[in-house]
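Peer 1: In order, the protein sequences belong to chains A and B. The UniProt record's numbering puts the first residue of the first sequence at 1, with every later residue one more than the last. The UniProt record's numbering puts the first residue of the second sequence at 1, with every later residue one more than the last.
Hint data in this document are derived by calculation from the structure and do not stem from the laboratory. Be a bit skeptical, because a hint or two may be false.
Said to hold, decoys possible - Quick list of the computed label-pair ranges, beta carbon to beta carbon:
1) A:E230 with B:S227: 27 to 35 Å
2) A:K140 with B:E141: 53 to 61 Å
3) A:E127 with B:E141: 26 to 34 Å
4) B:E230 with A:G89: 21 to 29 Å
5) A:D71 with B:E230: 50 to 58 Å
6) A:K68 with B:P64: 50 to 58 Å
7) B:R196 with A:P58: 33 to 41 Å
8) A:Q57 with B:D80: 41 to 49 Å
9) B:K218 with A:E230: 23 to 31 Å
10) B:S197 with A:I214: 55 to 63 Å
11) A:A210 with B:E127: 51 to 59 Å
12) A:S231 with B:R216: 25 to 33 Å
13) A:R53 with B:D80: 53 to 61 Å
Stated by the list, open to error - DSS-like cross-link-like pairs, simulated, lysine-lysine; straight-line CA separation at most 30 Å:
14) B:K68 with B:K232
15) B:K224 with A:K218
16) B:K140 with A:K224
17) A:K126 with B:K117
18) A:K224 with A:K143
19) A:K117 with A:K68
20) B:K140 with A:K232
21) B:K126 with B:K93
22) B:K126 with A:K117
23) A:K224 with B:K218
24) A:K232 with B:K93
25) A:K117 with B:K232
26) B:K68 with B:K218
27) B:K126 with B:K218
28) A:K117 with B:K224
29) A:K87 with A:K143
30) A:K87 with A:K117
31) B:K140 with A:K117
32) A:K224 with A:K93
33) B:K143 with A:K126
34) A:K143 with A:K232
35) A:K117 with B:K218
36) B:K68 with A:K224
37) A:K218 with A:K93
38) A:K218 with B:K232
39) B:K126 with B:K87
40) A:K140 with A:K87
Where a beta carbon is used, it is the ideal one built from N, C-alpha and C, also for glycine.
Each chain, written out:
Number of protein chains: 2
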Amino acid sequence: MLGHLARRLGRMQQISNGLKLFSEEPHRHLQTSLETIRPLSMVSLWPFSSQPRDFSQPNSSWSPEMHKAYDHYNALCDTDTENGEEKRGPWRKLPSYNRSIKYATGGIHLSKLIQAKARLFTRNVKEQGATFEYMVFVNKEEKRCVCVFQAGHLLEGAPGHVHGGAIATMIDTVTGTLAGFLSGPVMTANLNIDYRSPMPLGSVVLIHSALDRIERRKTYITCKVTSTDESKLYTEATAAGLQPN
Amino acid sequence: MLGHLARRLGRMQQISNGLKLFSEEPHRHLQTSLETIRPLSMVSLWPFSSQPRDFSQPNSSWSPEMHKAYDHYNALCDTDTENGEEKRGPWRKLPSYNRSIKYATGGIHLSKLIQAKARLFTRNVKEQGATFEYMVFVNKEEKRCVCVFQAGHLLEGAPGHVHGGAIATMIDTVTGTLAGFLSGPVMTANLNIDYRSPMPLGSVVLIHSALDRIERRKTYITCKVTSTDESKLYTEATAAGLQPN
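Construct the complete structure from the given sequences, taking the supplied hints into account.
Peer 2: See below:
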């Protein structure tokens, strides 16, 4: 698959005069540059620049509450130094880009994948703070993750409140991220969402996801959306992710 | 509520020099212009111009398949003329704006509602064809509706395919529209979605929703998403809408 993708990208490089592909290494052979990168990540395959924007980094649209929640979980990702030895904790912050190229499986997807205009739904608006501001922290040992999410003014459903579809989008994203982290690439097979309380626009919430069970090709995840102090429950959900054959 | 809203809008008019409110009637008293409009609709309350854009109208981003499906259902909305008498059929096309002000209930919502920047989630991107292109046809007699939906390139989830959250968003929108049409304003209480087949970006699909039952304050809706010839099933879902107290 990698070789196929590299050839495609190579052809794209030849035909797209206006775009700068792998701009920091313009003379290096593309196949080689792809092969030397471990693990395969979107950073390496990003076709428009060598350093795509990581949307999960703090920006000026974040409220103090968002910063506080971010700082709390980010601190859990620090490495501990014991007896002169570095020990990495179980928490890890995942980067977030506006394409999901790392899940490319080639074949019929590939021509769509190369469509330069396609963008990840949750990262498709450039204005910071307008839609989905979020980052995901995963804990591999405990098989769970937490997403800190700030809901922007372009996510309106009922007046002044976040659209049920925007909440579903974040639940799909976070449960899919955890299922993918634990089981490899999955497609969402089922989402069952109970909306317990309307969420005002501008809210900062935590989306907690945990592994329920894995049965054959299906990974079952539970999810709840709460206020950052966890005192208020906004939404509860279950999700099932299916590994493709 | 109306008077309160009018006062708010009046104050907004005073403080926002850059915006033209009710531009076709600049010298008319705002309270009067609001009172003369029946029924209360978003058209009348739209604060930025007297004629907001109806996003459900055909535009140049629509594919031939989208136009064909639109034409099919639009023809069902025509009035029949029998014995010199006009008879309106059961189908009706609903307009679609980028605020849902018509459901304003005042009180705590109002300050949020006046936030000039908030936009309906499904209509928040200006570029035609980039995200959600859709319109909804309702049939009151049969208590059902059909939405024609074209999925734009900014709705990506898995490479080349529509994000599960974008599909959930349309299901929430269409089932909520039908529940609201039959029972008055509702908030989504539950969405249960089975994703049967991945939907490629650019697809045109039909979202069929029908009333299942109404129990006290809850309106239950069934939903399925199919290809326009209805031969392929993409998604099945149920939704429950709750009428606020």
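Peer 1: Now look at each hint and say whether the structure bears it out.
Peer 2: Hints versus structure:
{"no.": "1", "hint": "A:E230 with B:S227: 27 to 35 Å", "in the structure": "violated (43 Å)"}
{"no.": "2", "hint": "A:K140 with B:E141: 53 to 61 Å", "in the structure": "holds (55 Å)"}
{"no.": "3", "hint": "A:E127 with B:E141: 26 to 34 Å", "in the structure": "violated (43 Å)"}
{"no.": "4", "hint": "B:E230 with A:G89: 21 to 29 Å", "in the structure": "violated (52 Å)"}
{"no.": "5", "hint": "A:D71 with B:E230: 50 to 58 Å", "in the structure": "holds (51 Å)"}
{"no.": "6", "hint": "A:K68 with B:P64: 50 to 58 Å", "in the structure": "holds (51 Å)"}
{"no.": "7", "hint": "B:R196 with A:P58: 33 to 41 Å", "in the structure": "holds (39 Å)"}
{"no.": "8", "hint": "A:Q57 with B:D80: 41 to 49 Å", "in the structure": "violated (60 Å)"}
{"no.": "9", "hint": "B:K218 with A:E230: 23 to 31 Å", "in the structure": "holds (28 Å)"}
{"no.": "10", "hint": "B:S197 with A:I214: 55 to 63 Å", "in the structure": "violated (23 Å)"}
{"no.": "11", "hint": "A:A210 with B:E127: 51 to 59 Å", "in the structure": "violated (38 Å)"}
{"no.": "12", "hint": "A:S231 with B:R216: 25 to 33 Å", "in the structure": "holds (29 Å)"}
{"no.": "13", "hint": "A:R53 with B:D80: 53 to 61 Å", "in the structure": "holds (56 Å)"}
{"no.": "14", "hint": "B:K68 with B:K232", "in the structure": "holds (17 Å)"}
{"no.": "15", "hint": "B:K224 with A:K218", "in the structure": "holds (22 Å)"}
{"no.": "16", "hint": "B:K140 with A:K224", "in the structure": "violated (36 Å)"}
{"no.": "17", "hint": "A:K126 with B:K117", "in the structure": "holds (15 Å)"}
{"no.": "18", "hint": "A:K224 with A:K143", "in the structure": "holds (15 Å)"}
{"no.": "19", "hint": "A:K117 with A:K68", "in the structure": "violated (34 Å)"}
{"no.": "20", "hint": "B:K140 with A:K232", "in the structure": "violated (38 Å)"}
{"no.": "21", "hint": "B:K126 with B:K93", "in the structure": "holds (22 Å)"}
{"no.": "22", "hint": "B:K126 with A:K117", "in the structure": "holds (15 Å)"}
{"no.": "23", "hint": "A:K224 with B:K218", "in the structure": "holds (22 Å)"}
{"no.": "24", "hint": "A:K232 with B:K93", "in the structure": "violated (39 Å)"}
{"no.": "25", "hint": "A:K117 with B:K232", "in the structure": "holds (27 Å)"}
{"no.": "26", "hint": "B:K68 with B:K218", "in the structure": "violated (35 Å)"}
{"no.": "27", "hint": "B:K126 with B:K218", "in the structure": "violated (34 Å)"}
{"no.": "28", "hint": "A:K117 with B:K224", "in the structure": "holds (28 Å)"}
{"no.": "29", "hint": "A:K87 with A:K143", "in the structure": "holds (19 Å)"}
{"no.": "30", "hint": "A:K87 with A:K117", "in the structure": "violated (41 Å)"}
{"no.": "31", "hint": "B:K140 with A:K117", "in the structure": "violated (39 Å)"}
{"no.": "32", "hint": "A:K224 with A:K93", "in the structure": "holds (19 Å)"}
{"no.": "33", "hint": "B:K143 with A:K126", "in the structure": "violated (40 Å)"}
{"no.": "34", "hint": "A:K143 with A:K232", "in the structure": "holds (23 Å)"}
{"no.": "35", "hint": "A:K117 with B:K218", "in the structure": "violated (41 Å)"}
{"no.": "36", "hint": "B:K68 with A:K224", "in the structure": "violated (41 Å)"}
{"no.": "37", "hint": "A:K218 with A:K93", "in the structure": "holds (25 Å)"}
{"no.": "38", "hint": "A:K218 with B:K232", "in the structure": "holds (23 Å)"}
{"no.": "39", "hint": "B:K126 with B:K87", "in the structure": "violated (37 Å)"}
{"no.": "40", "hint": "A:K140 with A:K87", "in the structure": "holds (15 Å)"}
Of the numbered hints listed earlier, those contradicted by the structure are 1, 3, 4, 8, 10, 11, 16, 19, 20, 24, 26, 27, 30, 31, 33, 35, 36, 39.
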